[in-house]
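Chains as they are written, first to last, in numbering that gives the first Met the number 0: chain A, 0 to 326; chain B, 0 to 326.
These are calculated hints, taken from the structure and not from any lab test. Check each hint, because a few of them may be wrong.
Same chains, same label: a pair holds when it works inside one copy or across any pair of copies.
Simulated pairs of lysine to aspartate or glutamate, EDC-like, Cα-Cα distance not exceeding 20 angstroms [stated by the list, open to error]:
{"id": "1", "residue 1": "Lys253", "residue 2": "Glu176"}
{"id": "2", "residue 1": "Lys177", "residue 2": "Glu254"}
{"id": "3", "residue 1": "Lys177", "residue 2": "Glu307"}
{"id": "4", "residue 1": "Lys42", "residue 2": "Glu262"}
{"id": "5", "residue 1": "Lys255", "residue 2": "Glu176"}
Protein chains: 2
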Amino acid sequence: MKSKVIGLDIGGANTKLASSDGTVVELHYLPLWKNTQLPGVLKEIAERLRPEKVAVVMTGELADCFEDKEQGISFIMEAVDAAFGPGKCSYVNSKGRFRQESEGLRELAAANWAASARLIGKELGDCIFVDVGSTTSDIIPIIAGEHRAGHTDFSRLLRSELVYAGTLRTNLAALLEKVKLEEGYCRTSSELFATTADAYLLLGEIREDQFTCETADGAGRNRTDAMRRLARVICADLSEIREEDILEMARQVKEKQVSLLAEAIFEVAEKNGVRRIAAAGLGEFMIREAAERLGFECVSVAGHWGEEISKVFPAYAAARLLDSEKA
Amino acid sequence: MKSKVIGLDIGGANTKLASSDGTVVELHYLPLWKNTQLPGVLKEIAERLRPEKVAVVMTGELADCFEDKEQGISFIMEAVDAAFGPGKCSYVNSKGRFRQESEGLRELAAANWAASARLIGKELGDCIFVDVGSTTSDIIPIIAGEHRAGHTDFSRLLRSELVYAGTLRTNLAALLEKVKLEEGYCRTSSELFATTADAYLLLGEIREDQFTCETADGAGRNRTDAMRRLARVICADLSEIREEDILEMARQVKEKQVSLLAEAIFEVAEKNGVRRIAAAGLGEFMIREAAERLGFECVSVAGHWGEEISKVFPAYAAARLLDSEKA
């Protein structure tokens, strides 16, 4: 890379990396909740890329291995500072600005979308930035270059600016209380028997190589294993239900998630007087469908900035902001 | 014990044991999905109690460590036969009868409530047997001494004879899509951040020693840890919300679960023309409330057979049936 600035997006399950010139893009599956490898992987990155400056956004502080958000934030900051040297690291706060020494740590919580929102506001103008990732959906109003979203996940859940459902990791039990089958409505199991990745793989919305999370039962990511997991959601195995019923369940997962998303986007759009969406994330297909139902314009982040960069957009945005502000 | 007949109820998370005279009652936390200790524990039981006959009911075959139900059933049967000797073991099928050699293995799937239903039908007459356990709620119509429920979990989910929600292990994300707080409706996280045990501990419906499942975050079973887990369901920590809000969330968990239960009981009652409930399980408090809302008579299994026996009722019923039929 020519650029000497990189951005890091440290989440509970994944850590993403991008250089400000967009030539380096990396995605590391790096769960914070299981004897995390984060400190070691960050050191490896520091030695390999030798960046001059590092811009950091995070959401991983919510992982339930931490007692509270401060503890999570401190852990992540210590790991980053130890790897790159504290003088080189800048942290994006929930307003999308770089943190001043005087600010509280809590300002850094759940700020990965704040960096994205500032870059999008700069380059695309007023819109609702909707990012459906592996686990959650961010619905961020951007007006006059500034985001207008709540500053904590809790406040965003209250304002429909965060819908806790994603393209891969979401437990189907959290989406579907019942499914409609030929025989009638069937209640579902509340265990973690299958996730949205299973449903979207079966529907052809994601490919097997995009199925980057663990499976609910530890088995494979192929169609048969995914069908077996979906069947288990209604306590059946593959000898008890038809393939068509399983696909019908998968379609109902999508229908429910698109509805949830459209409802939340509509609420945020009404409050902020914007009817234009900037869509990002693996679940862009759901955003396009929600936008169509609402009759909103929908600009693709992947279309504007490129497919690769869109996968690590918060990291890229943080790097870009740091590059332009601290040049 | 004077009796030489014991009953075993082998579930996915717990194995329960009772002698037919009710003097021995044991509950072993014994998950089938993590390098299970089942074979060893069964051998220990065989050596300690030296029963002449063993009646077995099971639901553990659904655990997602097994490829299908046959595999789960075979695994459990092999472990039981190896511990007690195959000649001594009788298996209850989904009709509540002991399996003949000629029957398929699948008849043994999810039959733990079938034994209970036969004993209840014998001693209490026509009723709906409702058992709210740690993980699920069985709603079994019993007419003229025979249960009229579907023979698989799948068919019971379709007929509202199984509601997959219990008193301890149920993920709150599967029950609550939103919670109502003073600030308005708040969406919930879809992770496994808290379970029904946390809510019912905070409401005083279960005691800490009845909180016999693992906690969602691996932390303690005290009030503070339970409150922390409930707060996490709306992505908050204890500094962000009031204790009263957390208790309000817990009350909404109960309200939702009692509603689900009442709705399912009503559906089963209408279909079978019975308005009398036999209530069992740790969640009896929810059944009583549902019965009150429906205006149904409610007989307590714990009241009739005693508190200790009610905790292991399927195991006890299996032992009683074997004792009377094979005497």
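Each hint, compared with the structure:
Proximity of Lys253 and Glu176 under a CA criterion of 20 angstroms is satisfied in both settings, with 14 angstroms inside one chain copy and 16 angstroms between copies. Both within a single protomer and between protomers do Lys177 and Glu254 lie at most 20 angstroms apart by alpha-carbon distance, with minima of 13 angstroms and 18 angstroms respectively. For a Cα distance limit of 20 angstroms, the shortest separation of Lys177 from Glu307 qualifies neither inside one copy, at 37 angstroms, nor across copies, at 35 angstroms. Taking the closest pair of Cα atoms, Lys42 and Glu262 never come within 20 angstroms of each other, the shortest separation being 43 angstroms inside a single copy and 56 angstroms across copies.
For the identical chains of this complex, Lys255 and Glu176 are neighbours both inside a copy (11 angstroms) and across copies (12 angstroms), given an alpha-carbon limit of 20 angstroms.
Checked against the numbered hints given earlier, the structure breaks hints 3, 4 and satisfies all the rest.
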